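**Student:** One letter stands for each residue in the lines below.
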Amino acid sequence: MHIEPSFHKRYHKALRDTAMLKAVKNGTGRLRGQRATAIEGVGAERWMEFRNRAEAIRLHVIQHLDQYLEQLVDNVIKNGGHVCLAKTGEEAVQYISELAKKKNAKTILKSKSMVSEEIHLNPALEQQGCNVIESDLGEWIIQLAGETPSHIIAPAMHKNRFQVADLFNAVSEEKVSTEIADLCGFARKYLREKFLGIDIGITGCNFALADSGAITLCTNEGNARIISTLAPTLVTVMGMERILPGLEELTVMLSLLARSATGQKLTVYNTLSTGVRNPEELDGPQEFHLVIVDNGRSKQLGTKYEKILNCIRCGSCLNACPVYRNIGGHAYGWVYPGPIGAVLSPLYQGMDKYGELAYATTLCGACTFACPVKIPLHDMLYALRNDKVELEKTGGLVEDMTYKGWSAAFASMSRYRFSIGMARRFQFPLVKAEKIAYGPPPISDWLKHRDMPALPKKFFHEIWRDMKKDGKE
Amino acid sequence: MANGIVTGNREAFFSTIRQNIKTPPGGKAPRVENPMDGLFTQRETTVEDRRELRERFIQEWTTLGGKAFNIKDRAELSQAIKQIIQERQLQKAMCWDHPELENLKLEEIFSDTQASLSRWPLEKNYSDWIGKAASMEAGIVWSDIAMAETGTLVLPSSSPGQPTTVCVLPITLIAIFTTAQLVDGFTGVVKWFKERYGTNLPTTTTFISGPSRTTDIEMVLTIGVHGSRYVYALILDEA
Amino acid sequence: MKASLFVTCIADIMYGDVGKSVVQVLRRNGVDLDFPEGQTCCGQPAFSSGYYKEAAIVAKKMIEVFEKSEKVVIPSGSCAAMIHHGYPILFANDPIWKKRAEEFVAKCYEFSQFIVDILGITDVGATFPKKVTYHSSCHMTRILGVEEQPKTLLKNVKGIDFIELPYFFDCCGFGGTFSMKMADISGAIVEEKVENIIGTGAEVLVGSDLTCLMNIGGRLSRRGVPVQVMHLAQVLDQGGGKNAY
Numbered sequence: 001m002h003i004e005p006s007f008h009k010r011y012h013k014a015l016r017d018t019a020m021l022k023a024v025k026n027g028t029g030r031l032r033g034q035r036a037t038a039i040e041g042v043g044a045e046r047w048m049e050f051r052n053r054a055e056a057i058r059l060h061v062i063q064h065l066d067q068y069l070e071q072l073v074d075n076v077i078k079n080g081g082h083v084c085l086a087k088t089g090e091e092a093v094q095y096i097s098e099l100a101k102k103k104n105a106k107t108i109l110k111s112k113s114m115v116s117e118e119i120h121l122n123p124a125l126e127q128q129g130c131n132v133i134e135s136d137l138g139e140w141i142i143q144l145a146g147e148t149p150s151h152i153i154a155p156a157m158h159k160n161r162f163q164v165a166d167l168f169n170a171v172s173e174e175k176v177s178t179e180i181a182d183l184c185g186f187a188r189k190y191l192r193e194k195f196l197g198i199d200i201g202i203t204g205c206n207f208a209l210a211d212s213g214a215i216t217l218c219t220n221e222g223n224a225r226i227i228s229t230l231a232p233t234l235v236t237v238m239g240m241e242r243i244l245p246g247l248e249e250l251t252v253m254l255s256l257l258a259r260s261a262t263g264q265k266l267t268v269y270n271t272l273s274t275g276v277r278n279p280e281e282l283d284g285p286q287e288f289h290l291v292i293v294d295n296g297r298s299k300q301l302g303t304k305y306e307k308i309l310n311c312i313r314c315g316s317c318l319n320a321c322p323v324y325r326n327i328g329g330h331a332y333g334w335v336y337p338g339p340i341g342a343v344l345s346p347l348y349q350g351m352d353k354y355g356e357l358a359y360a361t362t363l364c365g366a367c368t369f370a371c372p373v374k375i376p377l378h379d380m381l382y383a384l385r386n387d388k389v390e391l392e393k394t395g396g397l398v399e400d401m402t403y404k405g406w407s408a409a410f411a412s413m414s415r416y417r418f419s420i421g422m423a424r425r426f427q428f429p430l431v432k433a434e435k436i437a438y439g440p441p442p443i444s445d446w447l448k449h450r451d452m453p454a455l456p457k458k459f460f461h462e463i464w465r466d467m468k469k470d471g472k473e
Numbered sequence: 001m002a003n004g005i006v007t008g009n010r011e012a013f014f015s016t017i018r019q020n021i022k023t024p025p026g027g028k029a030p031r032v033e034n035p036m037d038g039l040f041t042q043r044e045t046t047v048e049d050r051r052e053l054r055e056r057f058i059q060e061w062t063t064l065g066g067k068a069f070n071i072k073d074r075a076e077l078s079q080a081i082k083q084i085i086q087e088r089q090l091q092k093a094m095c096w097d098h099p100e101l102e103n104l105k106l107e108e109i110f111s112d113t114q115a116s117l118s119r120w121p122l123e124k125n126y127s128d129w130i131g132k133a134a135s136m137e138a139g140i141v142w143s144d145i146a147m148a149e150t151g152t153l154v155l156p157s158s159s160p161g162q163p164t165t166v167c168v169l170p171i172t173l174i175a176i177f178t179t180a181q182l183v184d185g186f187t188g189v190v191k192w193f194k195e196r197y198g199t200n201l202p203t204t205t206t207f208i209s210g211p212s213r214t215t216d217i218e219m220v221l222t223i224g225v226h227g228s229r230y231v232y233a234l235i236l237d238e239a
Numbered sequence: 001m002k003a004s005l006f007v008t009c010i011a012d013i014m015y016g017d018v019g020k021s022v023v024q025v026l027r028r029n030g031v032d033l034d035f036p037e038g039q040t041c042c043g044q045p046a047f048s049s050g051y052y053k054e055a056a057i058v059a060k061k062m063i064e065v066f067e068k069s070e071k072v073v074i075p076s077g078s079c080a081a082m083i084h085h086g087y088p089i090l091f092a093n094d095p096i097w098k099k100r101a102e103e104f105v106a107k108c109y110e111f112s113q114f115i116v117d118i119l120g121i122t123d124v125g126a127t128f129p130k131k132v133t134y135h136s137s138c139h140m141t142r143i144l145g146v147e148e149q150p151k152t153l154l155k156n157v158k159g160i161d162f163i164e165l166p167y168f169f170d171c172c173g174f175g176g177t178f179s180m181k182m183a184d185i186s187g188a189i190v191e192e193k194v195e196n197i198i199g200t201g202a203e204v205l206v207g208s209d210l211t212c213l214m215n216i217g218g219r220l221s222r223r224g225v226p227v228q229v230m231h232l233a234q235v236l237d238q239g240g241g242k243n244a245y
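Residue numbers (the working numbering), protein chains in the order written: chain Y, 1 to 473; chain L, 1 to 239; chain B, 1 to 245.
Bear in mind the hints are in silico, worked out from the structure with no lab data behind them. Note that the structure is predicted; figures quoted are calculated from it, not measured. Hints should not be assumed to be uniformly reliable.
[To be verified] Capping the alpha-carbon separation at 20 Å, the derived lysine-lysine pairs in PhoX-like fashion look like this: (1) B:K181 x Y:K404; (2) Y:K194 x L:K132; (3) Y:K189 x L:K132; (4) B:K53 x Y:K393; (5) L:K28 x Y:K299; (6) Y:K374 x L:K132; (7) B:K71 x B:K60; (8) Y:K393 x Y:K404; (9) Y:K189 x L:K92; (10) B:K99 x B:K68; (11) Y:K304 x B:K98; (12) Y:K404 x B:K60.
Go ahead and model the full structure; you've got the sequences and the hints to work with.
**Tutor:** What follows is the structure in C-alpha cells.
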C-alpha cells in the first residue's frame with residue numbers, strides 16, 4: 001500500500017474526512033470515558049499504586065531483558081516449541097514464510113498482532129499463495145478494506161456500520177444488513193468456517209512469561225484462543241520487549257491493560273499457552289513457533305528512550321491525545337499512531353522518515369498521565385525535537401534563525417525591550433479595533449483560525465514604572 | 001517431549017542486547033518483590049467469606065452479561081440445567097471428563113430431556129472429533145477457581161479430559177463450581193497455581209470473564225462474536 | 001512576605017493589565033513585591049522546539065536576575081512548569097549551573113500556588129458576580145501539579161457563579177509553535193474547547209495561562225462569541241477595595 005510521505009499532506013487529508021473524524025471522536029470519547037469510570041472504581045490512590053508497581057516491573061524487566069529472554073527461550077524449547085530470534089522484520093517474515101511453504105499451508109488465520117503489521121507479514125504470505133485471514137473483527141474489516149489499523153486496540157474505529165456492511169456484502173453470498181448485530185453475526189459464521197479449516201495460526205503476544213515459557217493472549221472476542229486451540233501449527237510473533245518474569249507480574253499487567261484499554265476489569269479471554277500439546281491431548285498445537293522480533297528495539301536499550309519499551313499497547317495515550325482525536329490514526333503514517341506512534345516511528349523507522357511526528361503534539365502531557373506504565377511520552381517528544389536540532393544540526397532553516405535571534409535578543413534586557421518596542425511600533429498596518437485578524441507568515445498561520453490581540457500601548461515594565469512614579473513604591 | 005530448535009544467531013542476538021543495556025546511575029531497577037501486595041484483596045478463608053464472594057461473583061458475572069444460579073442441592077442443579085436446555089433449545093452438549101462433573105452425574109439429568117450429553121473425548125482423530133465438536137451447542141466445564149472481583153472463571157487444561165475446545169467452540173458455555181472454588185482476587189488464583197503447578201503450567205489456561213464481546217463496529221457493544229454468546233455459572237453450595 | 005514578580009514575556013508584551021492585577025492582588029494580601037529589571041522569558045519557546053542551547057542561554061540569564069530573590073511569583077502555570085521541569089533537563093550535564101538552577105527552581109511558584117500554599121490564603125476578598133468557568137492548563141496541572149488552588153480561589157470570590165467546564169483538563173490546542181506549524185489541527189482542537197465553553201453558558205472564561213487564553217480568546221473573537229476571557233489575577237482583583245499602591 002502506498003503511503004503519502006508527507007505528514008502535512010496526510011493530516012490534511014484526514015482533516016477533510018468528516019465521516020472518519022466523527023467515528024474517531026465517538027470511539028476515543030467512549031474509550032476514555034470508560035477508562036475514567038474504571039479508574040474511579042479502583043480508586044485514584046490504588047490506581048496510582050498499580051501504575052507505580054507496573055512501571056517498576058517493566059523497568060526491571062527491560063534492564064534485565066537479556067536474562068529474561070534467555071530464560072524464555074530455554075523454557076519454550078524445553079516445552080517442545082521452536083524459537084526464531086529475528087534481528088529484523090525481514091528475518092521474521094522469511095522464517096514464517098518458509099514454515100508456511102514447508103507445511104504447504106493454504107489457510108492461515110491470524111489474531112491481532114501489531115508486530116506482524118510492523119514487519120508486513122501478510123503481503124509476504126499472500127504472495128506465496130496463502131489465504132491469510134485476520135480473525136479479530138476490526139482487523140478483518142480493515143483487511144477487507146485494504147487498509148491498516150487506525151487505532152491500537154480498535155483497528156477499524158474510523159469506519160461506520162454502512163462502510164462495514166459494504167465490505168461484508170462484497171464477500172457474502174447473502175445480503176447482510178447494516179444492523180451491527182447482523183454484521184457481527186455474519187463475521188462469526190463466515191470466520192468460523194475458516195477456523196475449522198486452519199492450517200497455520202498466527203497470533204501476537206500480549207505478554208510472554210519467562211519462568212514458564214507461556215504466552216498470554218488477551219482478546220474480548222475469543223478469536224485468538226480458537227486459533228491457539230485448533231491450529232495444528234501455531235506461530236506467535238512477539239516484540240522482544242513483551243515479556244514478564246512470571247504469573248504474579250502478569251496479574252498486575254492484565255488488571256491495568258483492560259482498564260486502560262477499554263475500562264473493563266479484565267479482558268474477557270486471557271489465555272496462557274505453553275505451546276505444544278501433550279501426547280495424550282487431542283487439541284492444542286502439535287507444533288509451536290515463537291518468533292521474537294528485535295527490529296529496532298534493542299537500539300533503544302540504554303538510551304534516554306529506553307522506557308518506550310515499557311509499553312503494553314493499551315492505546316490509552318491515543319484516546320487521551322487531542323491531536324489523535326482530531327486526525328485519527330492513518331495520518332501518523334506507520335503502524336503505531338498517537339503519542340506512542342509519534343515516539344516509536346522516528347525511533348524504529350528513522351528521523352528522516354518520521355521526524356515530523358515529534359511536532360504532531362501540543363506537548364500537553366495527557367499521554368504521559370494516561371500511560372498505565374508511566375512512560376514519559378511527552379518528555380520523549382521534547383527530546384526527539386532536541387535530537388533533531390542537535391544531531392541533524394538543524395530544526396529547519398526558519399526555526400534555526402528564529403531561535404538564534406530569539407536567544408540573542410532575550411538574553412539581554414535592552415535588546416529584548418528594543419525588539420518588542422519595534423514590533424509595537426510596526427504592527428499598526430495590521431491592527432484593527434485592537435486586534436489583528438490578517439497578517440504575513442508566520443502569524444498568518446495563527447490567524448487562520450483565530451484573532452490575535454494587538455500589542456497594547458504599554459508593556460508591563462512600563463506600567464510598573466508608572467506605578468512607581470505614582471510614589472507608592 | 002523433545003526439545004525445540006532455536007533458529008537465528010542466538011549469540012549475536014543476545015550480545016547486542018547485553019551491549020546496549022546500560023546500568024543507569026544508582027544501579028539497575030531491582031525485581032519487584034511481591035508485586036501483587038496490596039493491589040488485590042484476599043478474603044476467602046471461611047465458608048461465610050466465600051458465600052459473600054459468591055454474591056460478588058454473581059454481581060460481576062451478570063453485569064458482564066452472564067447468568068448465574070445459586071444451587072444448594074441436586075434438585076436445584078437438575079432444575080437449573082433443564083432450564084438452560086429449555087432456554088437455549090439445546091439438542092447437543094459436550095462436557096469435560098472431570099471427576100467433579102462425574103460426581104454430579106450430569107448424564108442422568110440430561111437423560112430425561114431432549115438434549116444429549118457427550119463426554120470428552122468425542123472421538124480419537126481430529127478429522128472425526130472436530131466436526132462433532134463444532135456441532136455442539138453447549139460446552140460444560142468445571143471451574144477449578146472462580147475469581148469474584150472480576151467475575152472470572154479459571155479453566156486450566158489440567159488433563160487430556162479437560163480440553164480447551166469444550167469452552168472455545170460452543171455458543172453456550174456452562175461452568176459449574178462450588179463456593180469452595182471462589183477466591184477474592186488474583187492473589188488466591190496465583191497461590192492456587194503455584195501450589196498446583198509451580199512454573200510447569202498446563203498447555204492452556206483460560207481466564208473467562210463473561211460472554212465474548214466486541215465493540216469494533218462504531219464502538220457499540222455486541223455480544224458473542226467468536227466465543228460464547230450465552231454463559232452460565234452454576235454455583236453449588238459447598239456445604 | 002518578600003517576593004519578586006517574574007511577570008513572563010507574554011504578560012509583559014501583550015497583557016500588561018494582567019501584570020498589574022497580579023501586583024495589586026499580591027500587595028493587597030501583604031506581599032512586599034519587587035520587579036527585578038532584566039527579566040525577559042523563561043526560555044520555553046526554544047526549549048519546546050528542541051533548541052536547548054538557546055533556551056539555556058536565556059534560562060541562565062533568568063537565574064542570575066532572580067539570584068537575590070527570596071521567592072519568585074509567576075502568573076503562568078506553563079512558565080512555572082518550564083522552570084520546574086525544563087531547567088533540570090537543560091542543565092543536567094552542567095554541575096555548576098545545575099546547582100544554581102535547583103536553587104532557583106526551589107523558590108519559584110505559580111501565582112495561585114503562591115497565594116494558597118505559601119500565603120495560606122484561600123479567599124482574597126474579591127467580588128465578581130458573574131457566571132464563570134475555568135480552563136485548566138495542561139502544564140500547570142500535569143507537570144507542575146497545581147490543580148485545585150486556582151479553583152479554590154475562584155470559588156471563594158463573592159457573588160461568583162462557578163460552572164465546571166466539561167473536559168476542563170483537555171488541551172486547548174495551543175502547544176507553542178504547534179499552533180502555527182500545524183495550524184489546522186490546532187484550530188480543530190481549540191474549536192472543541194470553544195464549543196465546551198459555549199455549552200456552559202458562562203459569561204467569563206478564566207485561566208491561569210495567558211498563552212492558552214490568547215488561543216481560546218482568539219478563537220472566541222474570530223467566531224464572535226461574546227464570552228469574556230480573563231486571567232485568574234484579574235478576577236481576584238475585582239471589587240477588592242481600593243488600589244493597593
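**Student:** Identify every previously stated hint that the structure contradicts and give their numbers, smallest first.
**Tutor:** 6
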